[in-house]
Amino acid sequence: MERRAFLKGTTYCGLALAFGGPLTPLRAQEASGVGNRAWEDRYRRELADTLGDAMGFAFHCSNCQGNCAWKVHAKDGRVTREEQSAAYPQIHPRIPDANPRGCNKGIVHSKQMAQADRLRYPLKRTGERGAGHWERVTWEAALADIATRLVDSLQGHGLASLMVYCGTGILSQGRRAGPLRLGSLLGAQRLYPASAVGDMFTGASLAYGLATVGHSLDAWFEAKTILLWGINAAVTRIPDAHYLTEARYNGARIYCITPEYNATAKLASQWVPVKAGTDSYLALSLLHVLFRDGLIDKDFVREQTDLPFLVRADTGDLLRHRDLRDKGKDDVFYCWDQTSGSAQPMPGTRGHFKKSLRLGRLSPTLEGTWEVAGKDGALIPVTTVLERARAEARRFPPEATQSLTGVHPELVERLARDLAGAEKAIVNIGFSLHKYVSGTMTCWAAALACALTGHAGERGGLDTENNWSLGGIGPLANPKPARFASGFFSEWMNGDMAETMRRHYSDAHLKATLGLDHAELATLAADYATTSDAWFGKPRALLLFADNSLQRNKSQAHYRQAFIEGLDLFVDVNHRMDSTALWADYVLPAKSQYESWDLRGELGYHRFCNITVPPPGLRPIGETKSEWEICRLLAEAMTREAERRGLAAIPDPDFLETRDDKAAPVMRDLARLAADFTDQGQLPDDEAVVRWLMAHVPAIAPWTPEDAMRHGFVTLNREAGFTSPLYANRPFNSFEHNVYLRQPYPTLSGRQQFYVDHPLYKRLGCATPTAMAPVRPAGFPLAFFTPHTRHGIHSQWRANAGLLRLQRGEPYVWLNPATARSRGIGEGDPVRVFNDVGAFQARAKLMAAIPPAALVMDHAWEPFQFRDRLGLNNAVAGLLSPLELVTGWGHLSFNPNWDGNMLAFESSVEVEKVAEEQT
Amino acid sequence: MSQLGMVIDLNKCIGCQTCTLACKSQWTDRAGREFMYWNHVETAPGQGYPRGWRTAGGGWDGDRLRPGRLPRLEEDYGIPADFDFAAALFQPGDRPLRPLEAMQWGPNWEEDQGAGDFPNGFFFYLPRLCNHCTHPACLAACPRQAIYKREEDGIVLIDQERCRGYRYCVAACPYKKIYFNPLVGRSEKCLFCYPRLERGIPQACAYQCVGRARHVAYLDDPEGAVHQLVQVWRVALPLHPEYGTQPNVYYVPPLSPPVFDADGRPSGEPRIPGDYLRQLFGPAVETALATLQAEIAQKAAGGESALMDLLIAYRHGDLFRLSRPRGGRP
Amino acid sequence: MSTPRKAPRRRWTRGLGRALLGAGLGLAAAGAPLTAPGPIPAGAEAPLDRWLPVALAETAPPIDPLDPIWDAVPVTPIPLYPQATAPDGPGGAVLALEARLRWGDGQLALRLTWPDPTEDLVDRRATHRFADAAAVQFAPGGETLPYVGMGEPGRPVAIWRWHAGGTAEGLSAQGFGSLTRDPGPQPESRALRTGTGWVLVLRGAVGPEIAAVALAAWDGVEDGRAGRKRLSAWQRIDLPGAEPRGRLAVEAKTAGDPARGGQLFARHGCGACHGPYGGPGPQLIHAGGIHWPGYLRRSIAAPESFRVPGFSAVMPVLPLNPGEIDDLAAYLMTLR
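Sequence order for the protein chains is A, B and C.
Counting from 75, one number per residue, gives the positions in the first sequence under my numbering.
Counting from 2, one number per residue, gives the positions in the second sequence under my numbering.
Counting from -13, one number per residue, gives the positions in the third sequence under my numbering.
Hints are computed from structural coordinates only; laboratory data are not their basis.
Owing to the predicted nature of the structure, the values given are computational and were not obtained by experimental measurement.
Please note that the accuracy of each hint is not assured.
Distance windows between CB atoms, simulated [stated by the list, open to error]:
no.	chain 1	residue 1	chain 2	residue 2	range
1	B	L184	C	E174	21 to 27 Å
2	B	E75	C	R322	25 to 31 Å
3	C	A258	B	L184	32 to 38 Å
4	C	D57	B	E75	43 to 49 Å
5	B	G269	A	G902	33 to 39 Å
6	B	E199	C	P302	24 to 30 Å
7	C	A112	A	E120	20 to 26 Å
8	A	P855	B	E199	56 to 62 Å
9	C	A258	A	N110	39 to 45 Å
10	B	A291	A	G415	58 to 64 Å
11	B	Q280	C	P169	48 to 54 Å
12	C	G261	B	Y277	53 to 59 Å
13	B	R235	C	A258	44 to 50 Å
One side of the interface only, derived from the structure: several residues of chain C facing chain B at Cβ under 8 Å [said to hold, decoys possible]:
no.	residue
14	R36
15	P39
16	T113
17	F162
18	G163
19	R211
Covered by chain A, per the in silico footprint, the following chain B stretches (three or more residues, Cβ under 8 Å) [as the list claims (entries may be wrong)]:
no.	region
20	105 to 114
21	157 to 168
For glycine and all other residues, C-beta sits at the position ideal for the given N, C-alpha and C.
Chain A extracted, bound-state conformation (with noise of 0.2 Å):
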């Protein structure tokens, strides 16, 4: 061939050889863009991987009502990703369906539940506690060595010395099943957890002898008028706030009443600028206005409340029938009867042999003054709860109370008039209200408003948070009595609160706020610790599961130190370290929200019960066990070491039980506790518990464990509702059962109860709902309060990178720019928080939403994330509410609906601005 011929025809060809890759024509085509699409298989393929091999499912199980389905997939035995559900059936084409519940802190549990600060193995402390040395050690060790000290303390300082204590990171009902179960075999103490994090209702509680009271969460969605109270629903209820920005596009009128201009304000219609704890106040101008317009319900209060229950006017008590007779009874109550002319016993209240509600011939009164003759004959003079508490309400027109509250009167006005004209109202009051003294007096007086303007029933009413009635778990969790202890009083007595309390508030201050200084309420207390049936005594062993108490309680430091102090044992089991972990003396590794089985359906938001079950394959993070696991464990190696000692069983006589026809005391038996534990054998891990769940708790009926794995969930069936059914086709509403079918409420009353002739009550002008002003101190500038956060279920998540990325990394505190610039301190300067109870140091955010008399920090920020580990509680006093003290009267006896709160709102601060390397 003829060479240049050769290389003529060689010349792209020579190219691609010594380039590689053939360079033609069709490269040209390709290089216009269009055509080849085979590149867009990398993104399907990363989908794949995110689908990953298997599936499971899975709910949060925290300190959170939302309680959403999951599902979890992994790859090569690895959580690749959760996604919701959403597979909630919708009960009623006109109610908009439950999906797809989840929100920012369970779509990142995947990252979470392999962070770093997740625990992998069993730790030993090696040096002081607190100081982070930390041994790795075996199980067997562990457990060898922890049973071991748990039997010295049971043998040398009695059942009592031992907590038991699940704390709010676990509620469900299979997790938490195992430390109840270990606790009440043992006999030891255990807190009411509701009243330990300040979470109890004690208005409501006043009011219906309830706590937590309410509707499932769509019933917003058939209001026509909605009241949000101290509660940040579009932060703290995020799968559920849809059902507000769906009704309010359904035409209801949404107020929300808080001193911040928060997520919530933004979607309603109305916002109310209360001033940080004046909202009783606002309560009792909203009652004014009520009354003064005479926007009641006659029908329904003389039927539903005591508003018609005849006062004396001599004594301010409540006329029972031992005034009128000798040996009369203490639980029969009065009213004026129209038709008789005459005082006539109600029926359905305690002592009445009528449980019912219905009046029958008789016509209560509500308004007038009469006289009635005594046993003695003396003529006694009487009143009504209604005149009783329309007085009280005269004292606080809405004009009088703007300049304490902020609130316009014409704004009350609307409130009133919108409450009273909507069919269907709710009322939500949020856990913001009960960390100030007043909250009580709030919520009982919104509850008052409620029952004026016949709210209850369909016509919604007031709602703390509604939850379902699992019966059945008793054999489960409680197969013998346990030492219940009072969440708050508990917390007050162990922390050493009391010193703090003696710091920030002066005794004229006190007496001035609360009507009692120090040494009155220690009295109180002092009497409430004898008097009251809740447990008391500082524990000597602790096994802590999921409580970050050290990161929550108030006045931070001091509280640590005095709760360490005398602990011979401290035990935390958790799936991560948090700051209540690493002051224990053993740290145990638990497993986390995917990993075992569990089951939830308490939480009355919705009407679904959610299961988890780990994706098939799952490897196990560490050494990581599951609660149960971990229990059944410990109560083998005490079995061990009680049989190694010989040991008899412990009789504990505080609680008797029948033996032999006799009264006997209950008996404690260590070398059983291991076949107890498991009852013999029957209950061997996590999943044998959420089977035997499904199969004993009567409102999951008639679902099996394989009805749940089909989409993560099962419908609670229509025993779930405590005081109304569970329709399968309605929202749930409270107090169907009382207002339809007219039984009793479980108060003395039998009624909405709304006069509370307590003498302490009586002594501090609270016998009826009144208005209390705030009790932090003057002497520091701002109001500190801290409501929930939107990136943490408390503590839960709150360390989490993902979540800190869409934060700032780090604690700052929210103020009003003028407040900030009068102080000096710019955008995302450091700044030290501080009182006459302690400081912190974070970095100000300037926000025009916070009101400039106030410094405000979205909560539970962990200590371990500020300098010196002091974390917000630091600068928090230790508070008792006289209030909740009360113990022994009617429905007011300490129990599940009747317990204390921490008052975490109640502290005044200063702030200012510190160079940036001490941060």
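Given chain A, work out where chains B and C should sit, using these hints.
Then chains B and C, alone, in the frame of chain A:
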């Protein structure tokens, strides 16, 4: 071309960031994308994310591309904070758990800050993602024709095999929703979750929106909510229409509670100033808000409203119509 | 002396290469031999002298910029002109680059030196920074050369591209936006940062069919990437085994009178479109520096023969005779 569209109802968005994280765990928690938020929710008013995106240029000036700035990783996007958990939690001492380098900015940096003065401060949440524009500036700006708009659904994609990371698209996008991946040297962006759509699953941000704020359907699907809200009711508007890219993500503008006068008396005026909303959504925002208020009033008076029922969406599934309308190609 | 590097398998150049190497070896004894430009065949007027000498050796050229071997290789200064035809061209001053080329054992190495006061490396923590970069573009022989801006559809060019802080990659292109990574063996690179700029050696296997190279540099500090670069015109190289020289004679021919061309340029109002600030047509401010006369003549006579991407096809075919076209081209060649 069939065009898939999205309507985001700003009255339903509660700023919970679930969509942000749904997108992140679906696409951007790996491979140099860690700093990216293809979908994020910022608080408006504010500088937004990336910082100052409104003033970073891009978009169309008639038929010419407007010049644009490239956002900076540290200052404008923010470096994703990392933490030394071991040092803070498992080692002696009391070193606080803090970002290894202090954050300078982030996708939600201005959360709930907004503007105005107490008690009349105001803010709302503005979710943002690629608008999959009908007239995409990014596509026009790419000298390599690496960006194309899919015939079947109008999704705008960056061909990861053609892209050489020149970043003309990043500058050209007026919404600054294209992100350069410095690790792989290519630009990436929201895919409108085409791999999910192809399996019949809506976008992660939309399907997982717990506020039920996002409607997805083809714009030319007469039964689809997007068509209804955009063309029929005209209550859904594009963000910054003046940028000229013709976005296919639309927003139902935000209502807001009234401002208080000097005595604390609530006025009739919404606290979000009309001028500000006009800046964002153009003059059409006034009639859109008026329509919303009128229809709410109708519901409040006990009447019916097809628009309100559409926005309420009684079933989660009602929010999504992914099937191509009849006659739609291909 | 380093051991001879084995060139990638090439079907026919090996034998041929050996034969030439024999000759090269002889010459090498007398110091670094150079391939010399052949005489331009008769019939053409003043030839365009765009030719890069290549030092020949039997061993592969060194990759180390500091290797003393480079001292023996002759330096050719090559001006890099700001690209005016691409949108977003950098503008600014002409860059003076120095090139040394050495060929041995089937491999070509280019040692490029150019000033760049700021060092801009690939930054994996930045989204807004660009790295300094340089590239060499290869064209096969033929009667004409492909468009200097990355070739033309159907007329591929090969490219080696290096960026600071990264490696070199082998690419090919057939016009703007068509750059594609080659799957084949990749070129090597070694760069050296001096006080004032870069010294870079690019090395890879090259066949004798390569008839010309063009060079380009990007400056990170001015966001250099894509067309935002400075580039040279095609430079002829003669590798051992290359076809007989002179086939580019017509392409290189410069005839005509620049002055007359200037008048024609003004008369036909070419500046209206090809003004210094651009317009419907590409700027021509560096036309003479970047293009060969042949290309300019073609694009005047038949604008459609190759249109610069991104510019609309509005250029009319002017009523010019061949002489006038030469004049116009001659004028354009003066624009540098």
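So, against the hints stated earlier in the document, which numbers end up violated here? 2, 3, 6, 12, 14, 15
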